[in-house]
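Chemist: The lines below spell out each chain.
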Amino acid sequence: MSAPADPRLAAGGPALVTAEAPPRAERRRTIAILGNPNSGKSTLFNVLTRLRAKVGNYPGVTVEKKVGGCELPSGRRVDVIDLPGSYSLQPNSPDETIVRDVLLGLQDDTPPPDLIVFVVDATHVDRHLYLALQVLELGRPVVLALNMMDAVREQGITIHVEALERDLGVPVVPISAKKGEGIGDLRRTMDRDVEPSTRRFRQWPPHLQRVLHRLESRLPRHETLPDRARLDLALALLLDDGEDDQLARHAPPGVLDDARVLARRMDATSRGWRSDDVEGRYEAIEEIVRRAVTAPGGKQDRVRDRFDRVLTHRVLGPVLFVLIMGAIFQSVFAWAQPAMDLIDRAMRALGGGIEGVLPAGPVRSLLVSGIIAGVGATLTFVPQIAVLFFFLGVLEDTGYMARAAFIMDRLMGRVGLSGRSFIPLLSSFACAIPGVMATRTIDNRRDRLVTILVAPFMSCSARLPVYALLIGAFVPNVWVGFVTLPGITLFSMYLIGVLAAVGVAAVLKRTLMKGGRPLYVMELPPYRMPSWRSIFASVWERSMLFVKNAGSVILAVSIVLWFLASYPKGGPEAAALESRAQAAELAGRPAEGKQLKQEAAGVALENSFAGRVGRALEPAIRPLGFDWRIGIGLVTSLAAREVMVSTMATVFHLGNADEHSASLREELRGAVDPRTGRKAYSPLIGISLMVFYVLACQCMSTVAVVRRETNSWRWPIFMLVMMNVLAWMASFAVFQGGRALGLGS
Amino acid sequence: MNDPVDGIDPAALRTLDSLEPGESATIAHLAGEPANVRRIMELGLVPGTDVRLIRRAPLGDPIEFSVRDVRLSLRRIEAAGIRVSAR
Numbered sequence: 001m002s003a004p005a006d007p008r009l010a011a012g013g014p015a016l017v018t019a020e021a022p023p024r025a026e027r028r029r030t031i032a033i034l035g036n037p038n039s040g041k042s043t044l045f046n047v048l049t050r051l052r053a054k055v056g057n058y059p060g061v062t063v064e065k066k067v068g069g070c071e072l073p074s075g076r077r078v079d080v081i082d083l084p085g086s087y088s089l090q091p092n093s094p095d096e097t098i099v100r101d102v103l104l105g106l107q108d109d110t111p112p113p114d115l116i117v118f119v120v121d122a123t124h125v126d127r128h129l130y131l132a133l134q135v136l137e138l139g140r141p142v143v144l145a146l147n148m149m150d151a152v153r154e155q156g157i158t159i160h161v162e163a164l165e166r167d168l169g170v171p172v173v174p175i176s177a178k179k180g181e182g183i184g185d186l187r188r189t190m191d192r193d194v195e196p197s198t199r200r201f202r203q204w205p206p207h208l209q210r211v212l213h214r215l216e217s218r219l220p221r222h223e224t225l226p227d228r229a230r231l232d233l234a235l236a237l238l239l240d241d242g243e244d245d246q247l248a249r250h251a252p253p254g255v256l257d258d259a260r261v262l263a264r265r266m267d268a269t270s271r272g273w274r275s276d277d278v279e280g281r282y283e284a285i286e287e288i289v290r291r292a293v294t295a296p297g298g299k300q301d302r303v304r305d306r307f308d309r310v311l312t313h314r315v316l317g318p319v320l321f322v323l324i325m326g327a328i329f330q331s332v333f334a335w336a337q338p339a340m341d342l343i344d345r346a347m348r349a350l351g352g353g354i355e356g357v358l359p360a361g362p363v364r365s366l367l368v369s370g371i372i373a374g375v376g377a378t379l380t381f382v383p384q385i386a387v388l389f390f391f392l393g394v395l396e397d398t399g400y401m402a403r404a405a406f407i408m409d410r411l412m413g414r415v416g417l418s419g420r421s422f423i424p425l426l427s428s429f430a431c432a433i434p435g436v437m438a439t440r441t442i443d444n445r446r447d448r449l450v451t452i453l454v455a456p457f458m459s460c461s462a463r464l465p466v467y468a469l470l471i472g473a474f475v476p477n478v479w480v481g482f483v484t485l486p487g488i489t490l491f492s493m494y495l496i497g498v499l500a501a502v503g504v505a506a507v508l509k510r511t512l513m514k515g516g517r518p519l520y521v522m523e524l525p526p527y528r529m530p531s532w533r534s535i536f537a538s539v540w541e542r543s544m545l546f547v548k549n550a551g552s553v554i555l556a557v558s559i560v561l562w563f564l565a566s567y568p569k570g571g572p573e574a575a576a577l578e579s580r581a582q583a584a585e586l587a588g589r590p591a592e593g594k595q596l597k598q599e600a601a602g603v604a605l606e607n608s609f610a611g612r613v614g615r616a617l618e619p620a621i622r623p624l625g626f627d628w629r630i631g632i633g634l635v636t637s638l639a640a641r642e643v644m645v646s647t648m649a650t651v652f653h654l655g656n657a658d659e660h661s662a663s664l665r666e667e668l669r670g671a672v673d674p675r676t677g678r679k680a681y682s683p684l685i686g687i688s689l690m691v692f693y694v695l696a697c698q699c700m701s702t703v704a705v706v707r708r709e710t711n712s713w714r715w716p717i718f719m720l721v722m723m724n725v726l727a728w729m730a731s732f733a734v735f736q737g738g739r740a741l742g743l744g745s
Numbered sequence: 746m747n748d749p750v751d752g753i754d755p756a757a758l759r760t761l762d763s764l765e766p767g768e769s770a771t772i773a774h775l776a777g778e779p780a781n782v783r784r785i786m787e788l789g790l791v792p793g794t795d796v797r798l799i800r801r802a803p804l805g806d807p808i809e810f811s812v813r814d815v816r817l818s819l820r821r822i823e824a825a826g827i828r829v830s831a832r
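Here the protein sequences come in this chain order: U and F. Counting along the first sequence from 1, when you hit position 124 you're at 124 in the numbering used here, and nothing is skipped either side. Counting along the second sequence from 1, when you hit position 17 you're at 762 in the numbering used here, and nothing is skipped either side.
Chain U with its partners taken away, still in its complex shape (with noise of 0.2 Å):
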């Protein structure tokens, strides 16, 4: 039995809680900001930080950190953490388990607050109040601030703050962070000492109070936690389902067997005791709502009904649905666009300012096709990046997305995923980069890393010239009814990854990703005004995370592609091109001298590690009916897919071709392969190539930033192996299968 509690009691024993707390007056004050999703914390977070806020993550987790400095009105500077949306102190999803971890001083890097401000959304007091009283039951100081007091007033909604407070114990604020209502009380107040609520709301039933108790019992004190909070622990150990590493890795050695055997054995003599205390709790809820809220009566038709008469109709709704998925997918490409070749632009002319100031020699060549490169090929990425998230962020705010999602669940839960995973692997189809970043508003975490996983699978724009090449070079341009052979094999080619995708997510969520059917449960918030100054916000942090994340990765890996295409130096039959190249320039045979400088390429491309590497990888690649010469593309495609058209075109010697070149496609065509003295290319293998592409991990970008995304090696080592030897081996079948039928060589 314990006594009654003393949040201040000493620490001694072996500790359960780890978080180590430096004395209060070396440390900064730390508070932290908690709700549910859709209770407009995140604004009043950006108010009191004024947008400067660092993202990091919480170590060996995908759940962001967000930690930015304030200043109280008496001069005091605090840190400010933006603890994720959360429903309840039970997780749900690794963002929840976060926040009861901090709250319980299980997570080591963050100790728990010394403040929780506490958001609510006014207009539905009593869903919020729920994880409101599980946190004042952990006894630590909270603030409640009352959120959306314009739309409380715009509904006729009366608050009576003052019994809300008699009846909760804590300060309540009301505030409005939008229109920046009450932010002055709410910072006065968070400056004061507030002492924990000493109210009492829940009753355990009493079979559960004496299993809770007599865990409880075994847990040693710990300064950082309340005694309150044992009860709340006791039950989390009692709850887990094994999954949880970090209760593992706290508790005490035994601790957590028992709990799972009482547990066991309460699952076979109390049915339902896993939700017990949730009725006990929406009791109190309810007495204190009829006590603090006076609504009016009947029923609403609110803007809200109205737009969802629509958006959700049977008909109207899917066809809206289409055309504004339609529309985003389309500005993606039109906004971005000629930004990116702006970028492209300007890193060509910074290019050739070095070209004109360095002499030529491996510096010039490093900075200009290595650095440069590198960093342009970055940089590119970003106009897509930032235009995606721009639309992410308004779909997000208007409260649009929840029901782009609820539109979409039946189609996506066919192949085990969910309808937020649709918007993600549509924003792939133009760069699977923003796409595998947009799925934070994923949940579930095993939905996230399948989505994740399979997204790259969508054809993305980089492969564009790539199909168009072999499309342009070996499709005759025939009409078949009301479409051509090129378009059919187009669409063909996008429908492959698709059809790969629901493949391995299928497979996926069968075997590796395994567990108990999980919830799909979702809100469809109240249509709002976006939040213009939150969105750019997001979309510049987004991007400037992009940057320095992904931007080392690629950076690196330009570099390296760069050394292994410019050495080992052409050699001595490149240098005689080379200098028969200037000497008919000198000589006034400009076209002749263009002509053997391409030659004089194409011989130091062969030489080079990535002409070996290629060499090398003919016997590998030989059975998908490719040589020596896609080999050295497939290498130099790990920089970017679209450089295959450029290494091709180096090859075959001819310069700056590009994919509509017909030259290019002439010599695709008339290759011959020296040992058979036959042709090299077919229009089979043209498409075994495209199928290459369709399946192929070959952008490092992606690579960089599954990493980011899910926090370790595990999972782009693996997409990069799963993909590529899924696309070995459909490559296999497509050759082999067609020479088998007779469909070409």
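Take the hints with a grain of salt, since some may be wrong.
Quick list of simulated restraints, FRET-style, between CB atoms [what the hints assert, rightly or not]:
| hint | chain 1 | residue 1 | chain 2 | residue 2 | range |
| --- | --- | --- | --- | --- | --- |
| 1 | U | L741 | F | S811 | 31 to 41 Å |
| 2 | F | E778 | U | R615 | 51 to 61 Å |
| 3 | F | S811 | U | G75 | 42 to 52 Å |
| 4 | U | V319 | F | S811 | 16 to 26 Å |
Part of the chain U face toward chain F, derived, beta carbon under 8 Å [to be verified]:
| hint | residue |
| --- | --- |
| 5 | P318 |
| 6 | V322 |
| 7 | F406 |
| 8 | N711 |
If you're looking for bench data, these hints aren't it; they were derived computationally from the structure. The C-beta atom is built at its ideal place from N, Cα and C for all residues, glycine as well.
Place chain F on chain U using the hints.
Modeler: Coordinates of chain F only, in the frame set by chain U:
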């Protein structure tokens, strides 16, 4: 408690997913995986609470309903475990 009350067998009651758009009912009993049942209750669907079905998604699944003035969407397979007494 989330137990059969007044001797009424939950199986005799209707399920949440059987409600028609616009129909209201009161939660009587929740069944399903314990962790999921707990979460659904934590979102406000405790026995005795009123719910109103708003609509089904265009493809038939999930369903949208109103509880404590909040709109939630739930897949039919979960909603089928929630027994309600229609009014």
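Chemist: Which of the listed hints are broken here?
Modeler: 1, 6, 8
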